[in-house]
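Each chain sits in its own coordinate frame; assemble them with the hints.
Protein sequences appear in the order of chains A and B.
Terminal number for the first sequence in my numbering: 92, no gaps in between.
Terminal number for the second sequence in my numbering: 172, no gaps in between.
Hint data in this document are derived by calculation from the structure and do not stem from the laboratory.
You may find that some hints are simply not true.
To be clear about the criterion: a stretch of chain A counts as covered by chain B if any three or more of its residues have a C-beta under 8 Å from a C-beta of chain B, and this derived list gives those stretches [said to hold, decoys possible]:
| id | region |
| --- | --- |
| 1 | 19-32 |
| 2 | 41-49 |
| 3 | 63-70 |
| 4 | 80-87 |
If you anchor each label on the Cβ, the simulated ranges turn out as follows [to be verified]:
| id | chain 1 | residue 1 | chain 2 | residue 2 | range |
| --- | --- | --- | --- | --- | --- |
| 5 | A | T2 | B | V140 | 24 to 32 Å |
| 6 | A | S87 | B | Q126 | 27 to 35 Å |
| 7 | A | G54 | B | M3 | 17 to 25 Å |
Residues on chain A that point at chain B, a partial pick, calculated with CB under 7 Å [claimed, not checked]:
| id | residue |
| --- | --- |
| 8 | V6 |
| 9 | G16 |
| 10 | Q36 |
| 11 | P56 |
| 12 | Q60 |
Where is the CB? At the ideal position from N, CA and C, for every residue including glycine.
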Amino acid sequence: MTTAEVLLIGVLLLFGVGVYGLLILRHYIQQIIALQILVKGASLALVTAGYVRGEPALGQSLALTVVAVDTFVAAVALALAIQLQRSQEVSP
Amino acid sequence: MIMPLGLLLGAGACAISAIHTTRLLSAVLSLAGLSVLLSLLFFWMDAPVIAVVELSVGAGLVTVLLALSISLTGDTHIGHTPGLPRWLALLLSAMLTLALGGGMLGIPPVTEPANDVTVSRVFWEQRSADVLLQSALIFVALLTVTAVLTGAKTSYPTQTEPTLLRSDSEVV
Numbered sequence: 001m002t003t004a005e006v007l008l009i010g011v012l013l014l015f016g017v018g019v020y021g022l023l024i025l026r027h028y029i030q031q032i033i034a035l036q037i038l039v040k041g042a043s044l045a046l047v048t049a050g051y052v053r054g055e056p057a058l059g060q061s062l063a064l065t066v067v068a069v070d071t072f073v074a075a076v077a078l079a080l081a082i083q084l085q086r087s088q089e090v091s092p
Numbered sequence: 001m002i003m004p005l006g007l008l009l010g011a012g013a014c015a016i017s018a019i020h021t022t023r024l025l026s027a028v029l030s031l032a033g034l035s036v037l038l039s040l041l042f043f044w045m046d047a048p049v050i051a052v053v054e055l056s057v058g059a060g061l062v063t064v065l066l067a068l069s070i071s072l073t074g075d076t077h078i079g080h081t082p083g084l085p086r087w088l089a090l091l092l093s094a095m096l097t098l099a100l101g102g103g104m105l106g107i108p109p110v111t112e113p114a115n116d117v118t119v120s121r122v123f124w125e126q127r128s129a130d131v132l133l134q135s136a137l138i139f140v141a142l143l144t145v146t147a148v149l150t151g152a153k154t155s156y157p158t159q160t161e162p163t164l165l166r167s168d169s170e171v172v
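Just chain B, same shape as in the assembly (with noise of 0.2 Å):
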């Protein structure tokens, strides 16, 4: 019991830093943090399959990915000008929140837990059609990421154009 409430405290800690810090690169990190402190969650309520995942992918692939935009874009200090006002963010974040635990509470308990039924069993039996719509997800996301990171190039050369076309009419 006290285990994961110092754990969701600390994650809760690290979420709420990461939206409210005003750097970038202290944002990725309390993400990676807020990840370590699932993974042992995940880890505490006998799911080691998903700690890992969480751990490998979440501590490191994403922060690796994150940290890797921010040095191309750069880490520059983020302005306290809101999206929306905080008032009615607070509400309708409040609103979606409690429709979410409604709809948790009322999960019902199963008295006789399946013990023999493994996670590759359900991940490659029994939600088989899902893992070939993520593999064909990857491929896409793959394509997506190099089409729009190669795009770049290939698109932004336009102010050229104008000078050429200026000293073809004076040509002409």
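The shape of chain A in the complex, shown without the other chains (with noise of 0.2 Å):
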């Protein structure tokens, strides 16, 4: 088993563990935490695939981007949360 192949597998795990975890949770903060594990593996998908391909400062600049826009969506979706947590201890 090669290095690539290896890494391959590494960006399934981490994608297929955020893909269950959007699915299954129930809670808005664990949510956006298996959405961060998703994203984790986007990103790692991303930097392997220069790695292969032997263009690493591509593959850098393409999850530098991923990481600095997956952390507003994070600040967004827990601004909402919080939102929502206080309307429902409101509302009731």
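Here is the structure:
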């Protein structure tokens, strides 16, 4: 088994765990954590693709964009989760 | 070969632990451990820029954001009632994962690697439009977070309005 195949298995493991978590979890913050795992799998896939193709700079720059955007997605999602929690505490 | 295998096994264990734990704070700490192991793996793959970003943003900033939101909402025990049936979730995630694996297997290797290209050159010259869009996205996200978090204070005091209306009608 080559290094690229090992990395591919790692990508698929993280991606599969993230998708499974998004589908079965119901708590908002846990869903955000599952989304983070999925996106970490995607960024590992980009870096792995750059590593395999011999273009590590392109893979790193794409993964950098993914990490930055995912951080702000997490920030907005956490703000919405806090708001939902507060509204559920007030409304009943 | 042993090094990436061990790091990936640890990362997978952290990911599964983050999904299956019943405490939110434990899930956040497992996610931070996953980020640390991934950054070590990136560094092993000769990708130091993304390794540093993953360590500082993934294991640092995101962990702080998650811990802050847990402290605001409370670290509750999580029930085990799944959103979807587990067999259906397993089937869907396996299908999506196999589709991604099939797509990645088709990536052709390059015989002559381009070693003279740096990350900053790719980022600022070849992908300048992406950088502009990313900067705009950062401002939009900051405005959204500010609007969402400050909107709560103004949108929920509606419980006092019925009492005011009732007292007005009683007066009339």
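Are any of the numbered hints broken by this structure? If so, which, sorted upward? 5 and 6
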